[in-house]
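**Q** We have chain A; now place chains B, C and D onto it with these hints.
Chains as they are written, first to last, in this note's numbering: chain A, 1 to 441; chain B, 1 to 441; chain C, 1 to 441; chain D, 1 to 441.
It should be emphasised that the hints constitute simulated quantities derived from the structure, not laboratory data. We put the beta carbon where it would ideally sit given N, CA and C, even for glycine. One thing to keep in mind: the hints can contain errors.
[As the list claims (entries may be wrong)] A short, non-exhaustive set of chain C residues, derived as facing chain A with CB atoms under 10 Å:
| hint | residue |
| --- | --- |
| 1 | L111 |
| 2 | P272 |
| 3 | I408 |
[Said to hold, decoys possible] In silico DSSO-like cross-links for lysine-lysine, where the CA-CA straight-line distance does not exceed 30 Å:
| hint | chain 1 | residue 1 | chain 2 | residue 2 |
| --- | --- | --- | --- | --- |
| 4 | A | K70 | A | K57 |
| 5 | C | K70 | C | K57 |
| 6 | D | K70 | D | K57 |
| 7 | C | K125 | D | K125 |
| 8 | D | K125 | C | K192 |
| 9 | C | K192 | C | K70 |
| 10 | D | K192 | D | K70 |
| 11 | B | K70 | B | K192 |
| 12 | A | K70 | A | K192 |
| 13 | A | K125 | B | K192 |
| 14 | B | K57 | B | K70 |
| 15 | B | K192 | A | K192 |
[Stated by the list, open to error] Covered stretches of chain A, going by a simulated chain C footprint (3 or more residues, C-beta under 8 Å):
| hint | segment |
| --- | --- |
| 16 | 29-35 |
| 17 | 416-429 |
Spelled out from the first residue to the last, the chains are:
There are 4 protein chains.
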Amino acid sequence: MDRVFSDSSRLQRMLDFEAALAVAETRIGVVPPAVAAAISRACRVDDQFDLDDLARKAASAGNLAIPMVKQLTELVGRANPEAARYVHWGATSQDVIDTGLVLQSRDALNLIEGVLNRVCSRLAKLIEHYRHTPMVARTWMMQAVPTLFGLKLACWLDALLRDRSRLQEVRGRVLVCQFGGAAGTLASLGEKGIAVSEALAAELQLNLPAMPWHAQRDRMAELGAFLALLTGSLGKIARDVSLQMQTEIREVSEPAGEGRGGSSTMPQKRNPVACAAILAASTRVPGLASSLLSSLPQEHERGLGGWQSEWETVPEIFRLTAGALDRSAEIVEGLEVHPSEMLRNLDLSHGLVFAEAAMMALAAHVGKPEAHGIIEAASHRALTSGQNFREVLLADPLVTAQLDRDQIDRLFDPLRYTGSAQQFIDRVLSESRPRMKEEGT
Amino acid sequence: MDRVFSDSSRLQRMLDFEAALAVAETRIGVVPPAVAAAISRACRVDDQFDLDDLARKAASAGNLAIPMVKQLTELVGRANPEAARYVHWGATSQDVIDTGLVLQSRDALNLIEGVLNRVCSRLAKLIEHYRHTPMVARTWMMQAVPTLFGLKLACWLDALLRDRSRLQEVRGRVLVCQFGGAAGTLASLGEKGIAVSEALAAELQLNLPAMPWHAQRDRMAELGAFLALLTGSLGKIARDVSLQMQTEIREVSEPAGEGRGGSSTMPQKRNPVACAAILAASTRVPGLASSLLSSLPQEHERGLGGWQSEWETVPEIFRLTAGALDRSAEIVEGLEVHPSEMLRNLDLSHGLVFAEAAMMALAAHVGKPEAHGIIEAASHRALTSGQNFREVLLADPLVTAQLDRDQIDRLFDPLRYTGSAQQFIDRVLSESRPRMKEEGT
Amino acid sequence: MDRVFSDSSRLQRMLDFEAALAVAETRIGVVPPAVAAAISRACRVDDQFDLDDLARKAASAGNLAIPMVKQLTELVGRANPEAARYVHWGATSQDVIDTGLVLQSRDALNLIEGVLNRVCSRLAKLIEHYRHTPMVARTWMMQAVPTLFGLKLACWLDALLRDRSRLQEVRGRVLVCQFGGAAGTLASLGEKGIAVSEALAAELQLNLPAMPWHAQRDRMAELGAFLALLTGSLGKIARDVSLQMQTEIREVSEPAGEGRGGSSTMPQKRNPVACAAILAASTRVPGLASSLLSSLPQEHERGLGGWQSEWETVPEIFRLTAGALDRSAEIVEGLEVHPSEMLRNLDLSHGLVFAEAAMMALAAHVGKPEAHGIIEAASHRALTSGQNFREVLLADPLVTAQLDRDQIDRLFDPLRYTGSAQQFIDRVLSESRPRMKEEGT
Amino acid sequence: MDRVFSDSSRLQRMLDFEAALAVAETRIGVVPPAVAAAISRACRVDDQFDLDDLARKAASAGNLAIPMVKQLTELVGRANPEAARYVHWGATSQDVIDTGLVLQSRDALNLIEGVLNRVCSRLAKLIEHYRHTPMVARTWMMQAVPTLFGLKLACWLDALLRDRSRLQEVRGRVLVCQFGGAAGTLASLGEKGIAVSEALAAELQLNLPAMPWHAQRDRMAELGAFLALLTGSLGKIARDVSLQMQTEIREVSEPAGEGRGGSSTMPQKRNPVACAAILAASTRVPGLASSLLSSLPQEHERGLGGWQSEWETVPEIFRLTAGALDRSAEIVEGLEVHPSEMLRNLDLSHGLVFAEAAMMALAAHVGKPEAHGIIEAASHRALTSGQNFREVLLADPLVTAQLDRDQIDRLFDPLRYTGSAQQFIDRVLSESRPRMKEEGT
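Bound conformation, chain A alone (with noise of 0.2 Å):
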């Protein structure tokens, strides 16, 4: 990701625009025949720009298409000063910085796109594994009921099946040409706009929008928002695995790895390093994104700080919730799983866990409100006596008079009580594969 949002990279895309532009002009009879070629030839970044140089003069010139343009001009006339006078014919700064911009999110969404599908896979496969394997449910920061550690695996896919689908619209959206010269007429092209507009797309391999949209920044504040959903949706399976990965809890581990996680100081830590590199993408991409939102009131034609606060927060953001990714695949591929750490939290609380299950089959018998009555004041009497819950109850006639030993015992199996679980995993893991099948992974 660093690669695609680099300078060079940036300078890169916005030469393929004016290479793909000399090549649509060419063909709409716009320009000379051999324009294209000859701009074509000049817009490789090589070692021919001095990215320096450009970047000075983008600061006073106030963006960096205009001493490119002009590198760009004087390099095509050095071989061709014919072709010189066609270099960004009809465009403005604006059309070249937002479509480079474009394609570099286009670079971008591909790489996320394939890291996604591989957590996703992973997690399908986590899933299915786990999908037996009993671990305590807590809500609130407490314990609350059983539940089974691949229920939370499927949790995690589930929602990033969501950003998969999201990534789609947002694709279509997005990866738009733009193109409309000075001010969003095509002025300079006379009758041509709209021919050379859809050349110019059908080259750069990118939608062409109804119109240009040099102050309706929807699109990337959309793009923001987007990479926001997903970067939350990482965050939340670092916070699962960091509260897991706790020294009191230890039901699962980041992978391990020599100089991975140690502390300069304390020689026995392990710190889950992943975890803390995806939860502060996930405390710093929100406020980026709302930067976005908030430029989204542009004026005029085309506006003055709104757009120029993009340039550098869309490849932040980019940038930060790529690497989120990257270590969310470095989770999800060598989670250390503890099933039997899962087993002994589920033990922790002397079987109370299993309250709502004994007051479900005792409301079956006396209704709700008065089984939670029960319940709750058994629950109690364990929690400050210390004994063990099932035999609380079996000592309590309340509940001995609607239920038999047997069908206590069987209250306090974990397995027993985990409802719809394996069907929710199995809705989840059919509206993962489809599209993975497409995708042949």
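**A** Then chains B, C and D, alone, in the frame of chain A:
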């Protein structure tokens, strides 16, 4: 919108969940036949519920559902003690709170869609009306080249049409039922969880998600991001209207009205009050959306703090977006447009807004780089001398060597220099039409 | 706090401005002597003002001041037509709205300071009580080395003391009067502007700023940022309490209470509801603060949209911060602390939390790099074998070559390994004292 | 500023910590006498450190300190194996990373203060120069009443002076050393923790805080909030300049310059490029500041994710603020001011900007409510007829009954209607002076 998010609507939507749950569980045979009717009858806010008491108890209990279920159970119990046993059967607090918020969101999205369609439809009419009205395009806040007022309006519509597509996508993903029980397994319903879920979703006319989403909050964050995008598109309209309404520009005015936009101290003032409200909303919504995004990494099976932070944030965003939309409808429905002032502003630069036109005409003969130089120098002479740009061109031998007086004269007709504007307008209008037809407008 | 920011308080604080203005202008001789009394008498909300009507008209007028001044003028006029001529004399809508908000902010800051002092004072007592209570410190969510519960509490207090200093600085800068007339020149008061301003500020007991600040909104944004910092400090407390309250850790508990933190479905649950509310607030406030910051670049002499965006945002931040502070007071005043569980957790790693102590003891003999290596290897052996770390050290000739059994035994006493903790505690407590004395607590 | 936050500066500031620590520990007698010199000698970035290798290892280790300490230890060890034993003695990774960032922040704040003083000083001169230059004040984007250009400049300065005060307060709280060891107790230094801390702080010329602040991050968040306030004040300047620079208003211009603000396609364009950069910064910084605020509720003794999210955010805010400040200095140092255009705009409304003056003159005779009505009606007649407002007043018997021609004429002199403007200017200038004197400007 205030009605949709009133305290009593919030409660009613939660009661709708409880009623539908009773109906669903009756249908599937989880609870006795008479229960559905008895519970449904009590699930009306009317004056049966003590909202102040509920609010007080919610603070202590941690959420509104707990005291609500208690009041409801008592209410049902007075009429039918047997049915009272089955109130909220198998559900957890979050099930009813989340589904209630989804139901409110559906109401709110319907309202928003209605007004949005009205705004789009009105904009389409304005575009037709002003598609040949010349005005000056402004970039970086400075006059640039000619454009058409109808094209500016088409930019606004183009963005709103994308928001309309987004609304459909969001609706599909967000308008789903929440039903998972204590920790997302529906354990307390044994084998009947999925069947009850399906019946419940059908009863509420919501989609049934693959699995519960207690701690996967991307749906709510996506809703916030969508509303922020829409508010941003409206903010763009307000930005343009307020800029064009400046005393020095006065190309358009907000609709007038008794007591509207006056000043307590300046009798001549007529302030763009609708723009102010819209811009205030577009300043506030991004921060609210970012708080939804930053709450995504929630803990375990049901989170602590993140989930709770949605309760007021989602309604607040809806209120602001709906307010901005109403004020936008006011603007587009009553906008005063002053084509003569648009012409005046086109003339203000003594022809300099035709500099690009001149450059392109010249470039056809001498290439763009040379043409840019000639015209830049001519522009500079016009600016410093205060002379009309046309006169300057006519006096410039570098220009007259290539262009005769007639050709030069034609450069200064704004309607001749609008390139593909009419086609862009057609493209946007045609995108707006199909759906409008469906919706019978 | 709800009272401070109720609709009727908002109106009353605006009326306080109008009354004080009349008094000031009478004193300076700008208006006739009888005016002050006549206007002041009418400046009481009581039932004289129709709040619903004001709200409706405010939407059309663009702000609340315009219809309020109108109602007030009528009210004054009924009793004293002469005085009615001088209502709002020389002021603009923004003067009364801004000063009203400043007066509300003063009330709010006073409330906040009171509770903050209570929290600090209570924390100081808890620190004294638990300054010798050992527990395990956790870094990156993993057990690290021993610490003291009193030191953790001192960290919380240390931050709150900084917030208390900030409060004083903010108070000096923010609690100023707004009075500039139509566009900040007080032109309508001729030569008497400053004199009236001084009298007005004196009457309201506010500072007089160097000049009006209609479009320079850093004061409000600073207020929001301060409140966000305070809410963040409280969020840190809630984070720690909720982590320590986890079923697997249970070192502290939120205060218990009838109906507090229960679950609608799990009878054994006792949720950290105060933590949830605080964490929700600390999730929401940063976004609200950022919207104030992003509204700063306002237009000209009085802005459009940015100013208006403050009207609800500032009260909302106050409400959230005050709520978080109240819940924090609840926590520190009723916190249940379980030192025995802290000891249990210290033991959980079979001695590994003393690895740093062992490394430093060894390092005194062999240098840190070598000691780090020896202890890392020993830690690893302890982890994989499940053996107690002390046994592993005693069996390691590289260790026993430098340290005898007695020295090794002493390493495992947590109270011996707390370094400067007592001095840090003393430093924080001494910073907390002086001001507490002043305030008589 | 790029230099202050370069990769090599980051490393050097961390090395400065290690060197100062060695010196302090030598002084206090914690480590042998020769250690300080040996370690200090190695603590120079030069080409001794492999930045790329460090970056790679930091990703795996979780932070930059761990591989840095390793490289440093090897480096020291090559020259002095004994001293190598004491590298980083008693410190934890976060101590060196935090203190390094504080040292960078000190450098950055010094740079910022320097430019801020220059901007303030230049503004003070401009204010003196333009304190009698009339222009029209604009509120809600519409012409309002007369004001003075010097008063507008004084508004800008007034805010910057508050930012300067804030800078001093922030400096005192933020420029403190971080030194707590593994978990904030300095346990590994036994009884000598405080003494070493004091010596370390003295060596680095930083304040010594009451206690370590590993997980209490309000200092960094406050720094971000301060920079956001300053950036906002600069954004306000850019907003006004860009609005006044509009082609239709042209009251001021950004300084001209070869290649500055040109357009790739419109030869006549001169864009406000400095304003664009400042406004872009003020769009981006609030979101970054909010991410610091939302990271405050960190976990336990040292957090996971929140702390890490500061590493890039703080430098990024500094870079943006410093950039905005540099561009602001450009603007105020080269601003072109066009008093004649200001007069032209004052005249644009045919006298309507004097409506308030007329109302107040009339109000002295008939009271404000009646005067408001008369003048509102007259304004309306002037607007609809296009007649000059003075003529309208002279023809209105309700007006001429109270005011004679002379009095009416005098109403239309803008310099007579500036109220307390000169005194406001004096008050701001006098606030700006004392400190400037101290600083020798």
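**Q** Going straight from one Cα to the other, do K70 (chain D) and K57 (chain D) come out at no more than 30 Å?
**A** Status holds; Cα separation ~11 Å.
**Q** Quick one: see if chain C covers the segment 29-35 of chain A, three-plus residues with Cβ-Cβ under 8 Å.
**A** violated (count 0)
**Q** Has the given pair, K125 (chain D) with K192 (chain C), been kept, meaning a C-alpha gap of at most 30 Å?
**A** holds (27 Å)
**Q** Does the closest beta carbon of chain A sit nearer than 10 Å to the beta carbon of I408 (chain C)?
**A** Violated: closest Cβ of chain A sits about 16 Å from I408 (chain C), beyond 10 Å.
**Q** Keeping to a limit of 30 Å between CA atoms, is the pair of K125 (chain A) and K192 (chain B) held or broken?
**A** Measuring from Cα to Cα gives roughly 27 Å; hence the hint holds.
**Q** Compare the distance between the alpha carbons of K125 (chain C) and K125 (chain D) with 30 Å, and conclude whether the hinted pair is satisfied.
**A** Violated, because 55 Å separates the two Cα atoms, which is more than 30 Å.
**Q** Would you mind confirming whether the straight-line C-alpha gap from K192 (chain C) to K70 (chain C) stays at or under 30 Å?
**A** Satisfied, since the Cα-Cα distance of roughly 25 Å is no more than 30 Å.
**Q** Okay, the segment 416-429 of chain A and chain C, do three or more residues pass the C-beta test at under 8 Å?
**A** Result for this restraint: violated, n = 0.
**Q** Tell me if the straight-line CA distance from K192 (chain D) to K70 (chain D) falls inside 30 Å.
**A** holds (25 Å)
**Q** Could you grab the alpha-carbon distance between K192 (chain B) and K192 (chain A) and see if it respects the 30 Å cut-off?
**A** violated (65 Å)
**Q** Is K57 (chain B) within 30 Å of K70 (chain B), Cα to Cα?
**A** holds (11 Å)
**Q** When you check the alpha-carbon spacing of K70 (chain B) and K192 (chain B), does it fall within 30 Å?
**A** Holds: K70 (chain B) and K192 (chain B) sit about 25 Å apart, inside 30 Å.
When each numbered hint is compared with the structure, violations occur for hints 1, 3, 7, 15, 16 and 17.
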